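Asks: Listed here are the chains, written in short residue letters.
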Amino acid sequence: KAGVTQTPRYLIKTRGQQVTLSCSPISGHRSVSWYQQTPGQGLQFLFEYFSETQRNKGNFPGRFSGRQFSNSRSEMNVSTLELGDSALYLCASSFRSGSINEQFFGPGTRLTVL
Amino acid sequence: AQSVAQPEDQVNVAEGNPLTVKCTYSVSGNPYLFWYVQYPNRGLQFLLKYITGDNLVKGSYGFEAEFNKSQTSFHLKKPSALVSDSALYFCAVRDRDTNAGKSTFGDGTTLTVKP
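Listed in order, the protein sequences are those of chains A and B.
Residue 9 is where the first sequence starts when you use this note's numbering, and the numbers rise one by one after that.
Residue 8 is where the second sequence starts when you use this note's numbering, and the numbers rise one by one after that.
There could be a bad hint or two in this list.
Said to hold, decoys possible - Estimated spans, in silico, between C-beta atoms of each pair: (1) B/Asn24 - A/Leu19: 40 to 46 Å; (2) B/Ser33 - A/Arg104: 24 to 30 Å; (3) B/Lys65 - A/Arg71: 39 to 45 Å; (4) B/Tyr68 - A/Thr61: 46 to 52 Å.
Source of the hints: derived by calculation from the structure; they are not laboratory data.
Bear in mind that the values here come from a model prediction, so they are computed numbers and not experimental data.
Where is the CB? At the ideal position from N, CA and C, for every residue including glycine.
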């Protein structure tokens with residue numbers, strides 16, 4: 009079974025631009041979560057989607073948004089990029105939403121904002 | 008609110024020796040607890056989880072973890088460390104009672120196993 013895939017793997021943008029990251033979960037998984045990983049803040053939860061609905065949201069500004077499609081693929085969008093948005097963005101999928109399920113992570117998208 | 012503390016940024020052990028990576032948690036309800044490992048330039052890999060039942064949980068690659076409710080701890084252990092175990096380890100908690108999909112992670116502990 010193929011793992012979680014994320015595209016692109018690397019991205020360089022400049023301040024003020026916007027970016028869209030994509031995540032394809034493991035086949036059959038319907039829950040997708042997004043995390044931001046930085047050396048200073050560690051792993052921070054962005055949001056979780058299940059069956060095209062946002063189930064949980066972390067403490068990030070409205071510039072960070074996401075969506076999930078009917079095939080469970082998910083995208084996250086960051087508008088008006090800031091230098092502090094430079095991070096590794098990780099997507100994780102699980103069979104269904106709910107706290108009992110472990111998550112399977114993709115390799116991440118490394119975003120650099122110049 | 009939920010939180011996780013990994014009190015050691017770095018753990019160094021010699022190959023063949025036992026290892027322990029510490030984790031304590033705080034959650035308003037009952038916890039589900041997880042350990043993940045991250046290798047350089049890779050995403051996180053699931054190692055093991057505590058849901059209910061036996062306090063000693065066995066996971067991948069010979070790792071195990073002991074849930075201690077009174078001490079709110081979930082330390083990761085391995086009887087005999089390998090050089091290939093060197094990686095970044097994360098403990099995570101979820102609140103069972105809210106059934107929420109949000110995981111709160113610790114800051115990570117870098118494990119270095121020396122030959």
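Asks: Does each hint hold? Answer for all of them.
Replies: Each hint tested on the structure:
1. Between B/Asn24 and A/Leu19 the beta carbons are some 41 Å apart, a value that agrees with the proposed interval 40 to 46 Å.
2. For the hinted restraint 24 to 30 Å between B/Ser33 and A/Arg104, the CB-CB distance of approximately 26 Å keeps it satisfied.
3. Checking the proposed 39 to 45 Å range against B/Lys65 and A/Arg71 shows it holds: the Cβ atoms sit about 43 Å from each other.
4. With their beta carbons about 35 Å apart, B/Tyr68 and A/Thr61 fall outside the hinted range of 46 to 52 Å.
Hint violations for this structure: number 4 only, all remaining hints satisfied.
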